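Engineer: Listed below are the residues making up each chain.
2 protein chains.
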Amino acid sequence: MAHNGAQALIRTLVASGVDVCFANPGTSAMHFVAALDDVAEMRGVLTLFEGVASGAADGYARLAGRPAATLVHLGPGLGNAVANLHNARRARSPVVNVVGDHATTHRFDVFLASDIPAMARAVSGWVHTCDHPARVGADAAAAVAAALGPPGQVATLILPADVSWGGPAEPATASVAPKAGRVVEAERVEAAVEALRSGEPAALLVGGTVTADVTALRDGARICATTGARFLAETFPARLERGAGIPAPERLGYLGEFVVAQLAGIRHLVLVDTHRPVSFFAYPDRPSVLVPDGCEVHVLAVPGDDAPGALAALADALGAAPTPVPAPGASRPARPVGALTGETVAAALGALLPEGAVVIDEAATQGLWAPGATVGAPPHTWCSITGGAIGYGIPAALGAAIGAPGRPVVNLEADGSACYTIQGLWSQAREGLDVTTVILNNRSYAILNMELDRVGAGAGGPAARRMLDLSDPDLSFTRIAEGFGVPATVATDAEGFTTALERALAEPGPHLVEAVLAAG
Amino acid sequence: MAHNGAQALIRTLVASGVDVCFANPGTSAMHFVAALDDVAEMRGVLTLFEGVASGAADGYARLAGRPAATLVHLGPGLGNAVANLHNARRARSPVVNVVGDHATTHRFDVFLASDIPAMARAVSGWVHTCDHPARVGADAAAAVAAALGPPGQVATLILPADVSWGGPAEPATASVAPKAGRVVEAERVEAAVEALRSGEPAALLVGGTVTADVTALRDGARICATTGARFLAETFPARLERGAGIPAPERLGYLGEFVVAQLAGIRHLVLVDTHRPVSFFAYPDRPSVLVPDGCEVHVLAVPGDDAPGALAALADALGAAPTPVPAPGASRPARPVGALTGETVAAALGALLPEGAVVIDEAATQGLWAPGATVGAPPHTWCSITGGAIGYGIPAALGAAIGAPGRPVVNLEADGSACYTIQGLWSQAREGLDVTTVILNNRSYAILNMELDRVGAGAGGPAARRMLDLSDPDLSFTRIAEGFGVPATVATDAEGFTTALERALAEPGPHLVEAVLAAG
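In order, the protein sequences belong to chains A and B. Heads up, the first sequence is in this note's numbering, so the first residue is 1 and it goes up one at a time. Heads up, the second sequence is in this note's numbering, so the first residue is 1 and it goes up one at a time.
Calculated directly from the structure, the hints in this document are not laboratory data. Bear in mind that the values here come from a model prediction, so they are computed numbers and not experimental data. Note that the Cβ used here is the ideal one computed from N, Cα and C, for glycine as well. Don't take every hint at face value.
Computed spacing ranges between beta-carbons, pair by pair [claimed, not checked]:
1) A180/B to T104/A: 50 to 60 Å
2) P168/B to G294/A: 52 to 62 Å
3) P322/A to F108/B: 36 to 46 Å
4) D109/A to G432/B: 37 to 47 Å
5) T104/B to G294/A: 19 to 29 Å
6) G372/A to A174/B: 33 to 43 Å
To give an idea of the interface, some chain B residues facing chain A are shown, with a C-beta separation under 7 Å as derived from the structure [what the hints assert, rightly or not]:
7) M30
8) L36
9) P76
10) P117
11) V302
12) P303
13) R430
14) A459
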């Protein structure tokens, strides 16, 4: 049977393991939508905003380890997807980002036309416009291969409407399989051995594919146990396996001065699938590069390398004993009582977090206590806001729940961040996903109140403070969630929060618990 | 007193009449925020999402006729603003789009860094990075001048954090004033005279600055009355003055086949501050360019020209009588009864629309009847979704209410479109604005159900139809609005809707009326 371009595209994607599409379609994508009935293996997930689709693809990729497709409409749709594509780019999440475009015969600079490739390049490692139905199959396969890397990246395939509806088109003849990372040269392993055996203070800083891999974390911990090196992880790992029994590298802090303290005295820093420590923002009279003076940086593995393999080789070269591997034991905090604060929310989470849970962390300032309170919880996965673009949490939770079927998802979400992509709750309800959203509602952009002072702008006058305040009017996330079809509860003390969280975790389907935090 | 860069920027803007800033700030913009206390003339309006800020700036400019500033944070913040900047670009709304960037000393390709200029160019007529505090004043003045045009455009000024906090900086020494449009050459007026006097069927197609200007509309109507030419307006005017006593050009339809019917037989088409008719999208086997075969196109004025002046000159050259000017008389439909449909919603609006109201129209399919039902209402302003990027209505209503103080704003909003930038409701509540949002809730992307068939994809199977359906779960815009601090009412019949609309219009402050439409 002859296919049109859209059918050939979807068949090619499915043959290569891309069988979920987070979509916010428009007229440019109608044949793609119609083709969902021809290729039943592709699961279409409707979102109410393109930023939900792109964030979901990021969350999906972090858990499933393979790309989902997105489907967005023209330049403005791509624009709406940009922030979460940025996060995906920084997380090295593979994403096949399909942008429906005007027909090739309809290139007039009016109405919805804009420069799609220029915008796409800002967030994509690969951008291509498919210009003929006969090339859809090959181009789709190339997009999947580009997305997979390694390292993973956003591959944007621009699909003009007439390429979608035109034909005959053929799916690609061969499916695309993930490729292994590049094997690290022996010289780099040897250099790391030398650094770690120098007798000078050293640290192993891991990220990327290492934090996502329990075996690699164990190898890192063994290396550090053998050499006395500090075991560190990047600030916002895309995926961190953790919990009782899993070695826990110390994560670098968000604030530069914390990182400076963490790295003080280190003379050798071995980087494994991460970049050298740099502060998130610049501040007057503070350093941006956080590597201590006199500290030598050694790159064991860069993104795209087989970093777990390099760590295993390094552990072997060092003769690191296979056991014991230092790791946190099983322990949970007591159920909290009293005032509801970031700290008691964290305690409740530590008391209740189910085994195998996925935590999507966009809690900002009030989430400071959550990692510590859960380090001894049963094994779970922690996903951070790797690219720093807020509005990632609710969409990523949607995608993670689809990418990790059967695993409960807990989204720790700051009030300000929640408002960026709040319509993602509806897709969680539509898909019946087991996502518990915890809103940490402190009625302010608290992080910016802190930053205002840190950048040297002082405490701010009334006009400035009003720009960082979310209390006039107060937001009711409970009502908003109900409006989007997600059952919700509000809690104002620790006992009430713990009970609500327990119920939300126990019941199937999505829930939202709004934690109205005590004034700090 | 010495200023820092942020203070000099804001003083320069205020001196040139840019005294409203729609902001969603981040760390990069903390000194801008702090400076709001130093320059009391600048009104900062906090939004919960950058797309609200950019859409508000568009709505503000359409009503105030001068730019507002936006304040967004880094590339992802700009990405979130892109869709509504695209609408502003197509509406030729002047906007000074300030993007806070990392400090010039902090250019590392990690975390939030991305290619801001590349993204900005896709939606801006002018893009500039200010690289030193000493140049902030001049660069801000250049941004205002670029935004003002004519024609108006988005001017993006990228402001690194250290330029913002650095100094000494001086405001620009001279304020920037709007410039008049270019005077149209006499030859073009003469060519239009010849075309309209040819004796062949002719039409005058107006847009841009003409539809925003009652005098220009009257001149257009006089020209058509004298020559027998058809009086037409572009499909989605950025600003259309209308109502009883104001000449009403016939707007071109959204669907190409309607436009083809409207233009059938026309041999001379005179364009005044608009482009030649092109269909919104391409469809298989339908034309994209909608100018009839054998029709000659004459350009009287392009964007940036003094189009109202050109029309006045044309009317003079034709010896058009000053009166009578054909215009709709005062008439309102009766208050509707019975089922709640797009048609009865329109009737209620026609029955109740206050004099001087601003209608922000993002009603999509269910808004078809609203222009007809209000043509005899007291004079009012109608703003369309000029760029076609949905999510424009709620933000534009916010901006319009600030740009036109004392005028009631009615936002006709489709359910699907409302979900893109729903958090804009909160800023309406925070600013206490007299905005009435009418949600036309038909529980579907109805326009896409139509487009699915029109592009030749048929009616769609169950998987396709589910991607266009908003009923599982049903959205409650009433609850969502209440969650964002806006009082809301749901209506399910025409009488209830009319009563709710009447009350919302009578009470100060924002309201939302959710019209749950009868199944079609």
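Engineer: Against each hint, give a clear statement of whether it holds in the structure.
Structural biologist: A quick look at each hint next to the structure:
1. A180/B to T104/A: 50 to 60 Å: Cβ of A180/B to Cβ of T104/A: about 40 Å, so the range 50 to 60 Å is violated.
2. P168/B to G294/A: 52 to 62 Å: violated (36 Å)
3. P322/A to F108/B: 36 to 46 Å: Since P322/A and F108/B have Cβ atoms about 38 Å apart, the given range 36 to 46 Å holds.
4. D109/A to G432/B: 37 to 47 Å: holds (40 Å)
5. T104/B to G294/A: 19 to 29 Å: At roughly 26 Å between Cβ atoms, G294/A and T104/B fall inside 19 to 29 Å, so the hint holds.
6. G372/A to A174/B: 33 to 43 Å: Since G372/A and A174/B have Cβ atoms about 57 Å apart, the given range 33 to 43 Å is violated.
7. M30: holds (5 Å)
8. L36: Holds, because the Cβ-Cβ distance from L36/B to chain A comes to roughly 4 Å (cut-off 7 Å).
9. P76: holds (3 Å)
10. P117: At about 9 Å, which exceeds the 7 Å cut-off, the nearest Cβ of chain A leaves the hint on P117/B violated.
11. V302: violated (13 Å)
12. P303: violated (12 Å)
13. R430: holds (6 Å)
14. A459: violated (9 Å)
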